[in-house]
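Colleague: Each chain, letter by letter, is given below.
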Amino acid sequence: MKTRWKLVIILAVMVFCAWALFPSFRYYSMSGEARARMSSEQRDMYLDRALKLGLDLQGGVHLVMEVDDSKLDENAKKDVMDRAIRIYRNRIDQFGVAEPVIQKQGDRRIIVELPGLSDVDRAHRILGQTAQLEFRLVREQDEVSRTLQALDRNLRGVKVTGSVIDTTGIDADTTRTASKTPETQQASAADSLLPTIPGAADNVPLPEATEDRPFTSMLLTYFDGGVVVDERRKETVDLLLQTEQAQRAVPSNSAFLWGAETRPVQGGGNGYMLYLVEKNATLDGSTLTDATTSPDPDNPTQLNVNFRLNRQGAIIFARFTGENIGRHIAIVLDQKVRSAPTVQSKIPSGEGRITGIGSDDEAADLSIVLRAGALPAPVSIVEERTVGPSLGRDSIESGKKAAMAGFVLVIIFMIVYYKLSGALASFAMILAMVMILAVMATLRATLTMPGIAGLILTIGMAVDANVLILERVREELRRGKTVRSAIDAGYDKAFSTILDANVTTLITAFVLWQFGTGPIKGFATTLSVGILSSMFTALIVTHVVYDIITSRRHLERLSV
Amino acid sequence: MQFFTDANVNFIRIRRHAMLISAVIILAGLISLAVHRGFKTSIDFAGGALVEIGLQQPVPVSDIRAVVGKAGFDGAEITRFGEAGDYLIKVKSVGDAAAVAEQLKDAVSAGVGGQTVDVRRVESVGPKIGSELRTAAFWAVIYSLIGILIYVSFRFDFRFAVAAIIATAHDVLITLAFFSFVGMEISLSVIAALLTIVGYSLNDTIVVFDRIRENLGVRRREDFGTLVNTSINETLSRTVITGGTTLLALAALLAFGGEVIRDFALTLTLGIIIGTFSSIFIASPVLVEWHIWRPKKSK
Numbered sequence: 001m002k003t004r005w006k007l008v009i010i011l012a013v014m015v016f017c018a019w020a021l022f023p024s025f026r027y028y029s030m031s032g033e034a035r036a037r038m039s040s041e042q043r044d045m046y047l048d049r050a051l052k053l054g055l056d057l058q059g060g061v062h063l064v065m066e067v068d069d070s071k072l073d074e075n076a077k078k079d080v081m082d083r084a085i086r087i088y089r090n091r092i093d094q095f096g097v098a099e100p101v102i103q104k105q106g107d108r109r110i111i112v113e114l115p116g117l118s119d120v121d122r123a124h125r126i127l128g129q130t131a132q133l134e135f136r137l138v139r140e141q142d143e144v145s146r147t148l149q150a151l152d153r154n155l156r157g158v159k160v161t162g163s164v165i166d167t168t169g170i171d172a173d174t175t176r177t178a179s180k181t182p183e184t185q186q187a188s189a190a191d192s193l194l195p196t197i198p199g200a201a202d203n204v205p206l207p208e209a210t211e212d213r214p215f216t217s218m219l220l221t222y223f224d225g226g227v228v229v230d231e232r233r234k235e236t237v238d239l240l241l242q243t244e245q246a247q248r249a250v251p252s253n254s255a256f257l258w259g260a261e262t263r264p265v266q267g268g269g270n271g272y273m274l275y276l277v278e279k280n281a282t283l284d285g286s287t288l289t290d291a292t293t294s295p296d297p298d299n300p301t302q303l304n305v306n307f308r309l310n311r312q313g314a315i316i317f318a319r320f321t322g323e324n325i326g327r328h329i330a331i332v333l334d335q336k337v338r339s340a341p342t343v344q345s346k347i348p349s350g351e352g353r354i355t356g357i358g359s360d361d362e363a364a365d366l367s368i369v370l371r372a373g374a375l376p377a378p379v380s381i382v383e384e385r386t387v388g389p390s391l392g393r394d395s396i397e398s399g400k401k402a403a404m405a406g407f408v409l410v411i412i413f414m415i416v417y418y419k420l421s422g423a424l425a426s427f428a429m430i431l432a433m434v435m436i437l438a439v440m441a442t443l444r445a446t447l448t449m450p451g452i453a454g455l456i457l458t459i460g461m462a463v464d465a466n467v468l469i470l471e472r473v474r475e476e477l478r479r480g481k482t483v484r485s486a487i488d489a490g491y492d493k494a495f496s497t498i499l500d501a502n503v504t505t506l507i508t509a510f511v512l513w514q515f516g517t518g519p520i521k522g523f524a525t526t527l528s529v530g531i532l533s534s535m536f537t538a539l540i541v542t543h544v545v546y547d548i549i550t551s552r553r554h555l556e557r558l559s560v
Numbered sequence: 561m562q563f564f565t566d567a568n569v570n571f572i573r574i575r576r577h578a579m580l581i582s583a584v585i586i587l588a589g590l591i592s593l594a595v596h597r598g599f600k601t602s603i604d605f606a607g608g609a610l611v612e613i614g615l616q617q618p619v620p621v622s623d624i625r626a627v628v629g630k631a632g633f634d635g636a637e638i639t640r641f642g643e644a645g646d647y648l649i650k651v652k653s654v655g656d657a658a659a660v661a662e663q664l665k666d667a668v669s670a671g672v673g674g675q676t677v678d679v680r681r682v683e684s685v686g687p688k689i690g691s692e693l694r695t696a697a698f699w700a701v702i703y704s705l706i707g708i709l710i711y712v713s714f715r716f717d718f719r720f721a722v723a724a725i726i727a728t729a730h731d732v733l734i735t736l737a738f739f740s741f742v743g744m745e746i747s748l749s750v751i752a753a754l755l756t757i758v759g760y761s762l763n764d765t766i767v768v769f770d771r772i773r774e775n776l777g778v779r780r781r782e783d784f785g786t787l788v789n790t791s792i793n794e795t796l797s798r799t800v801i802t803g804g805t806t807l808l809a810l811a812a813l814l815a816f817g818g819e820v821i822r823d824f825a826l827t828l829t830l831g832i833i834i835g836t837f838s839s840i841f842i843a844s845p846v847l848v849e850w851h852i853w854r855p856k857k858s859k
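Keeping their order, the protein sequence lines are chains A and B. Numbered by the working numbering, the letters in the first sequence go through residues 1 to 560 in order. Numbered by the working numbering, the letters in the second sequence go through residues 561 to 859 in order.
Chain A with its partners taken away, still in its complex shape (with noise of 0.2 Å):
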């Protein structure tokens, strides 16, 4: 009775990893061929139900990101995780990565990996960018100058050296905001202030700063509603700009912003442009509703990004456009003006467009971004891996081998040394592998490298409970007791042994399952899985086959 239904619960044990196993033997013995074929809701039940394997087994990009909650207030602190992994799952699915992993990590990480995968830009692109859109006013050329007099003005006696800025040597009472100086009422046009330089080619050399014009000397002209900087010295207009000085000069609701890419100099050379812009956005992304590409009408090898904001949306921009005709808007994503338009007339229907966009990658990857949504506060890559494909191959072909090799060398060792018992031991041991391999199906895990060795080091576990019973049952045969009894004596004793020693790694296992990141917790996942299965099996079911064969007729004596 007791065997009976022991045996109906290996039977359901066998079913079951059946079921399980069935789609990851047919999905990975299709050809790539076969795979294509299939329809979008077949290779969906594959990718779901057969086996995962890790990136480092097929290859990917694995990324730490960091969410930057510092300026966030208590309240949208609280969810800010749920929403940045919401709207990265939004971006991931729209570019297309099949079975992303999205986890968080603590407080403020998320991991990503996307298998597959192997184009670093790409994923930099999807996953690093805010994709804060903004559109703000950019201030006229006459308050552009003032600021830049009173810039020149204020940094007046400043060293600068390399990228070190020394302000000690500026006089602190000379320091004044740009609206309460009344010399600049007159303001000339800004590009008079400038240097006359047209541009500066890479072999020509800057120019050096000059005493009275500390600011502007650094400047090439002011074009487009900007003023260009050559691109060797943007770091130190930079650093000019972030002195204490400079920031009283600025007036207090505008900023400067810089332009996203550079542009050819005339002359030769390359600039960034510098855009002094209201400091407070008058429209946002969240009304966006639609981002798509299309070519440029202008330059047809280029992709633009054409965008549709909703109803209350296309209502501001439209007041916003109205009020602002022939002036430039800058369209600021991320804190970078990507582009600074005039506005040519009134635009109602809430549409515009993002042009001068590197590659046609670029444009795809920003017009995802876009339609997903901004992330509720910056984020930084802090880790990031990347394992390519070939790394992968060779990897599972090593993997299989060493699992293969292992397995057969511990089952030649079992059959000599215990006879027919090893050869059921062996048996045990091969149905706790499997057993091992559905129930990490199942639980949907990744069956990463790590993993692999796991598995291999639970076939040293499944050997130790089958060689202790095998002790045990030579032990009891030593003492004169019969096959039967030995048998029976030798579970029973082994049975405390095997369990004690299999919890206290079990308790190892579940620490490092805890604790772990990544590669960790996959080896501590399949070693608690294996111990468990090697348990069950070594305990119950090559038990119930002594059960039966020694029930069926009096064995002398016993091949151990």
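For the record, the hints were derived by calculation from the structure and aren't laboratory data. All values derive from a computational prediction rather than experimental measurement. Fair warning: there could be bad hints in the mix.
As the list claims (entries may be wrong) - Okay, derived cross-link-like pairs now, EDC-like style, lysine to aspartate or glutamate, Cα gap no bigger than 20 Å in a straight line: (1) A:Lys401 / B:Asp566; (2) A:Lys493 / B:Glu774; (3) A:Lys159 / A:Asp238; (4) B:Lys665 / A:Asp119; (5) A:Lys400 / B:Asp823; (6) A:Lys481 / B:Asp823; (7) A:Lys481 / B:Asp566; (8) A:Lys104 / A:Asp69; (9) A:Lys2 / A:Asp488; (10) A:Lys521 / B:Asp823; (11) A:Lys493 / A:Glu476; (12) B:Lys600 / B:Asp823; (13) B:Lys665 / A:Asp121; (14) A:Lys234 / A:Glu244; (15) A:Lys279 / A:Glu140.
As the list claims (entries may be wrong) - Some but not every residue of chain A turned toward chain B, in silico, with C-beta under 10 Å: (16) Tyr28; (17) Tyr418; (18) Leu420; (19) Ile459; (20) Val463.
Claimed, not checked - Label pairs and their computed distance ranges (CB to CB): (21) A:Lys400 / B:Asp656: 27 to 37 Å; (22) A:Met45 / B:Asp623: 43 to 53 Å; (23) B:Arg822 / A:Pro341: 55 to 65 Å.
Just so you know, even glycine gets a beta-carbon here, dropped at the ideal spot from N, CA and C.
Add chain B to chain A, keeping to what the hints say.
Modeller: Just chain B, lined up with the frame of chain A:
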């Protein structure tokens, strides 16, 4: 076939010699640690960039090293990896790993006569991650020790629990001492292996303890030292067979597992030998010493 059917080695008599050997190794390990100023930590802990490249025609490692050094990466580690023509370049610079990889690719390509360089893997780890992992690993060890202490006290006796912990600490210390001798880098997978050793060594120790517990119930008259010695001898064949088969599986891992898990397999191999040694010469003798110091009357 049977080994050790009537093993009767007096392990308890030579316990102090064994302990002395262990103490000497651990002490030497500590001295070596002091001389080397701590462990070599892998990129997992130190932070930096790891780039794996493949070349069509293999060149000597020294050539690659020269090229990488010229490109401005001081103290880079270059190892030949897997097949001929595969190299693993580790630079301990924090920055954009993709940019580092590009730089290395260009530098190597120029340095080896314009061969195409296949960048197979790029990893970057910030040092901050490193320190977090270090703390996590430390706590993982502490918590697993506490868990084991509680479980063994509950199933056996407090003395057994303490002896098991001492044996485990011994294994970890000796393994770390060997790491220091050979200058092995501590990486994530080495830590995983270290924790596995903890599990394996305990497993081994528990099997012997289990036999002692069983014998304590049957042979009440026997001297405690003799009883422990008998228990060790009775479980000796199991200890050797299990250790041997696990080593067999590990040998396969070492031979075919590839570069990725070599450190892991090496650590485990070492750990299993040490773990087997400690369950015989450390764990049980600690019980005996304790008994000599403070005999327990009840048993």
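Colleague: Evaluate each hint against the coordinates.
Modeller: Now the hints, each set against the structure:
At most 20 Å may separate the alpha-carbon atoms for a hinted pair to count; A:Lys401 and B:Asp566 exceed this at roughly 38 Å. A distance of roughly 9 Å separates the Cα atoms of A:Lys493 and B:Glu774; the hinted pair therefore holds under the 20 Å criterion. For a cut-off of 20 Å, the pair hint linking A:Lys159 to A:Asp238 stands: about 14 Å separates their Cα positions. Taking the CA atoms of B:Lys665 and A:Asp119, the gap is near 16 Å; set against the 20 Å cutoff, the hint holds.
At roughly 18 Å between alpha-carbon atoms, A:Lys400 and B:Asp823 fall within 20 Å of each other, so this suggested pair holds. Under the criterion of a C-alpha separation no larger than 20 Å, the hint pairing A:Lys481 with B:Asp823 is inconsistent with the structure, at around 47 Å. Pair hint A:Lys481 plus B:Asp566 holds up; C-alpha atoms about 18 Å apart against a cutoff of 20 Å. For the proposed pair A:Lys104 and A:Asp69, the alpha carbon gap of about 15 Å is at most 20 Å, so the pair holds.
Annotation: proposed proximity of A:Lys2 to A:Asp488 holds, straight-line Cα distance about 14 Å (limit 20 Å). Straight-line distance between C-alpha atoms of A:Lys521 and B:Asp823 comes to about 18 Å, which keeps the hinted pair within the 20 Å bound. With a C-alpha separation of about 10 Å, the suggested pairing of A:Lys493 with A:Glu476 holds against the 20 Å cut-off. Distance restraint check for B:Lys600 and B:Asp823: the Cα-Cα separation of roughly 14 Å lies within the 20 Å cut-off, and the hinted pair is therefore satisfied.
Restraint check for B:Lys665 and A:Asp121: satisfied, since their Cα atoms lie roughly 16 Å apart, inside the 20 Å limit. Restraint check for A:Lys234 and A:Glu244: satisfied, since their Cα atoms lie roughly 18 Å apart, inside the 20 Å limit. Of the supplied pair hints, the one linking A:Lys279 and A:Glu140 holds, its CA atoms being roughly 14 Å apart against a limit of 20 Å. Because the smallest distance between the Cβ of A:Tyr28 and any Cβ of chain B comes to about 20 Å, over 10 Å, the interface hint for this residue is violated.
Hint status for A:Tyr418 relative to chain B: holds, with the closest Cβ pair at about 8 Å, below 10 Å. Taking 10 Å as the C-beta cut-off, the interface hint given for A:Leu420 is violated, the closest approach to chain B being about 13 Å. The restraint placing A:Ile459 at the interface with chain B holds, with a minimum CB-CB distance near 5 Å, inside the 10 Å limit. For A:Val463, the shortest C-beta to C-beta distance to chain B is roughly 5 Å, which falls under 10 Å, so the interface hint holds.
A C-beta distance of roughly 35 Å is found between A:Lys400 and B:Asp656, which places it inside the suggested range of 27 to 37 Å. Separation of A:Met45 from B:Asp623 is about 51 Å and conforms to the stated range, judged on CB atoms against 43 to 53 Å. Between B:Arg822 and A:Pro341 the Cβ separation comes to about 59 Å, which falls inside the hinted range of 55 to 65 Å.
Hints 1, 6, 16, 18 from the list above are not met by this structure, while the remaining hints are.
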